[in-house]
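Engineer: Chains as they are written, first to last, in the numbering used here: chain A, 256 to 589; chain B, 256 to 589.
Please note that the accuracy of each hint is not assured.
In this list, chains with the same sequence are indistinguishable; a pair is considered to hold if it fits within one copy or across any two.
Under the rule of at most 30 Å between Cα atoms (straight-line distance), these lysine-lysine pairs were calculated in the DSSO-like manner [what the hints assert, rightly or not]:
#1 K568 to K411
#2 K565 to K401
#3 K257 to K411
#4 K259 to K411
#5 K540 to K257
#6 K315 to K259
#7 K259 to K314
#8 K314 to K260
#9 K565 to K315
#10 K368 to K541
#11 K297 to K568
#12 K314 to K257
#13 K260 to K297
#14 K315 to K269
#15 K403 to K259
#16 K565 to K368
#17 K368 to K269
#18 K314 to K403
#19 K283 to K297
#20 K283 to K260
#21 K401 to K468
#22 K257 to K368
#23 K568 to K283
#24 K259 to K297
#25 K468 to K540
#26 K368 to K519
#27 K403 to K315
Source of the hints: derived by calculation from the structure; they are not laboratory data.
One letter stands for each residue in the lines below.
There are 2 protein chains.
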Amino acid sequence: MKIKKLGEDHIIDKIRETFRTGHPRIIKSIGDDTSVTAITEKRCLLLTIDSLIEGVHFKKDYTPPYYIGRKAVSISVSDIAAMGGTPLFLLTAISMPEDTDFELVEELYRGIKDSIADYGIHLVGGNTSKAESLSITTTLVGEADKHKVVYRSGAKPEDVIYITGTTGDSALGLEILSEEGIAALENVSYREAVLKHLNPVARVGMARALAEKGLAHAMIDVSDGLVRDLGHITEQSNVGAIIECERLPLSQEMLDYPRNRDHKLWLALTGGEDYELLFTSPPEKKDAVELLARRLNIRVTPIGIVTEGKGTKVLDRGEELAIDTSQGYQHFVS
Amino acid sequence: MKIKKLGEDHIIDKIRETFRTGHPRIIKSIGDDTSVTAITEKRCLLLTIDSLIEGVHFKKDYTPPYYIGRKAVSISVSDIAAMGGTPLFLLTAISMPEDTDFELVEELYRGIKDSIADYGIHLVGGNTSKAESLSITTTLVGEADKHKVVYRSGAKPEDVIYITGTTGDSALGLEILSEEGIAALENVSYREAVLKHLNPVARVGMARALAEKGLAHAMIDVSDGLVRDLGHITEQSNVGAIIECERLPLSQEMLDYPRNRDHKLWLALTGGEDYELLFTSPPEKKDAVELLARRLNIRVTPIGIVTEGKGTKVLDRGEELAIDTSQGYQHFVS
């Protein structure tokens, strides 16, 4: 059986089955944004690993290496953030063909350096290898108060579902980049969306504040697409969800984008790599969530509600949208 | 400038320069087997990242995927061991073509599972991605007593240089595998050497005991080849070294191998991936080192001595061997 027939989720399920484990220090293993392991009575370690691969996650012809470096850092920081943790120490494994220009390597590392400076984290280890194509794997270590970590599994019926920022912009940016190549970076009409794709910024401050104040029951960062990532929350929380399309926060660029409404909704619902926070919060904390968002100057939008039962219903003007909720970017499924 | 002209060491130096960092919790950053960061007053975290890449570190046609899984774990465990630490939590990032058979993935994970069970460590996170070829990156987290970590930089003139086990067998095994393909696994004459290459075993117990008892001034695991790894110790310790070829511990398989002495010395001095421990220890601790080795039933051989000055002299029957001490496996140098 070829893995493209099985899909990434199936593989991850298999792995989880294989590695059921009973170490007393493991609080959460595979199946959330990061693993959670106890360090002391009060603190825990958050560990995450991610890869960016040429031809899969980026194409060299429209991705400046500087941004590959920045993004490699941000996607890992975003995972630590989504647990409500503080990112600390980074390790990178970079593979590349031996005829790679050293200037590319320097640009890649310049991106890493600027990005870790922005997040206040530190590179403590690395590995470089020869390979047929360019790829970068990042491991990030973070810490959190053991009792304040926010899991995917905590959502409760009647919780309000929120998303930060706007949704679908990274996918929009990718469309523009695919059409226009590197020139897209100079296209003022879509500059924000293009940068959202090339240089997403992890919502560390907002996530930590939500965790610190106990405002989120469940949280995830949107990497696989809104509907699919919400699916991770609902499955692990054993609940259902209703999303209303009219509520989805769309950027001005998305609104101005000359494609039909269906296509825009598709981008907003299934487009990956926005690295926004998707979280659920009890209705009585609505004022506190909004106050926090205003104070941090971050847009937060309630887009639906957690329900009993299973599955995500996507409502568009009261009608249920026939959207396959397993959609969104999945490796190994064509 | 293409990176193959520069070489891996140059790239690592550049990275180290770029990422000089001052976080108070970072005790050791890039430049040892692992990074070392403080967790508590007494304990520290050891972090390491490594990749195994198809066509570079292994060829599919003579490497059963089960052993790729085992080796990916062992090479990381070996790094933690070389610091004198206890390996704890593993993360893996696996990339592969979408037409990979699921059986291969299962075998790979079976290897990982058996290996982590042997070492008593736990898989806590993972990532799977599509890619053009198969590769696996492992991050391992370990812990150690902050005051007992053994660095590369601690060697002192007059220290005795020891190596565990035998040297060059992994390179010998690789030669046999390259010539005979997968059938080499059934070749009883070289089975041990072939397995040393496919399934190296990290010397965790020995390394921890050396650290615990304060018997090693400096330590490294032999991954790039004896001479080159010794070079890492001498450079960082600001010392020189003399190695005597007659003292090198060779396996019976190496002795029986029908190639001339020069070739065997070449394998023993520059062959990588033995994952034996190379350490230096003051002469007055010789008895304690030997007693420990006997108790753990591990061969330990004094192969030379640390000197003032710089560079490694390799003596063969009293004559200096004209060996380029930067030799050994290096990425990006053809």
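Engineer: Does each hint hold? Answer for all of them.
Structural biologist: Structure-based check of all given hints:
In this homomeric assembly, K568 and K411 come within 30 Å of each other (Cα to Cα) only inside a single copy, at 16 Å, whereas the closest approach across copies is 69 Å. In this assembly of identical chains, the alpha carbons of K565 and K401 lie at most 30 Å apart only when taken from the same copy (29 Å versus 49 Å across copies). Taking the shortest Cα distances, K257 and K411 never come within 30 Å of each other, neither inside one copy (37 Å) nor across copies (55 Å). For the homomeric pair K259 and K411, neither the shortest alpha-carbon distance inside one copy (34 Å) nor that between copies (55 Å) is at most 30 Å.
Proximity of K540 to K257 under the C-alpha cut-off of 30 Å is found in neither arrangement, the shortest distances being 47 Å within a copy and 56 Å between copies. Taking the shortest alpha-carbon separations for K315 and K259, both the intra-copy value of 24 Å and the inter-copy value of 20 Å come in at or below 30 Å. Taking identical chains as interchangeable, the C-alpha atoms of K259 and K314 lie at most 30 Å apart whether they share a chain (21 Å) or sit on different chains (22 Å). In the homo-oligomer, the alpha carbons of K314 and K260 lie at most 30 Å apart both inside one protomer (24 Å) and across protomers (25 Å), since each shortest distance falls under that limit.
Taking the shortest alpha-carbon separations for K565 and K315, neither the intra-copy value of 41 Å nor the inter-copy value of 43 Å comes in at or below 30 Å. Taking the shortest Cα distances, K368 and K541 never come within 30 Å of each other, neither inside one copy (38 Å) nor across copies (45 Å). In this homomeric assembly, K297 and K568 never come within 30 Å of each other (Cα to Cα): the closest approach is 39 Å inside a single copy and 52 Å across copies. In this assembly of identical chains, the alpha carbons of K314 and K257 lie at most 30 Å apart whether taken from the same copy (25 Å) or from different copies (20 Å).
Taking the shortest alpha-carbon separations for K260 and K297, neither the intra-copy value of 43 Å nor the inter-copy value of 50 Å comes in at or below 30 Å. For a Cα distance limit of 30 Å, the shortest separation of K315 from K269 across copies, 23 Å, qualifies, whereas the shortest one inside one copy, 33 Å, does not. For the identical chains of this complex, K403 and K259 are neighbours neither inside a copy (38 Å) nor across copies (48 Å), given an alpha-carbon limit of 30 Å. Taking CA atoms no more than 30 Å apart as the test, K565 paired with K368 passes in neither setting, with 43 Å inside one copy and 33 Å between copies.
Taking CA atoms no more than 30 Å apart as the test, K368 paired with K269 passes between copies only; the shortest distance there is 12 Å, against 36 Å inside one copy. With identical chains, the CA atoms of K314 and K403 are never at most 30 Å apart, being 38 Å at best within one copy and 46 Å at best between copies. Taking the shortest alpha-carbon separations for K283 and K297, both the intra-copy value of 15 Å and the inter-copy value of 25 Å come in at or below 30 Å. In this homomeric assembly, K283 and K260 come within 30 Å of each other (Cα to Cα) only inside a single copy, at 29 Å, whereas the closest approach across copies is 45 Å.
For the identical chains of this complex, K401 and K468 are intra-copy neighbours only, at 14 Å inside a copy versus 34 Å across copies, given an alpha-carbon limit of 30 Å. Taking the shortest Cα distances, K257 and K368 sit within 30 Å of each other only across copies (22 Å), while inside one copy they are farther apart (39 Å). In this assembly of identical chains, the alpha carbons of K568 and K283 lie at most 30 Å apart only when taken from the same copy (28 Å versus 51 Å across copies). When the C-alpha separation of K259 and K297 is checked against a cutoff of 30 Å, the pair qualifies neither within a copy, at 42 Å, nor between copies, at 48 Å.
In this homomeric assembly, K468 and K540 come within 30 Å of each other (Cα to Cα) only inside a single copy, at 10 Å, whereas the closest approach across copies is 56 Å. Taking the closest pair of Cα atoms, K368 and K519 never come within 30 Å of each other, the shortest separation being 35 Å inside a single copy and 44 Å across copies. For a Cα distance limit of 30 Å, the shortest separation of K403 from K315 qualifies neither inside one copy, at 40 Å, nor across copies, at 45 Å.
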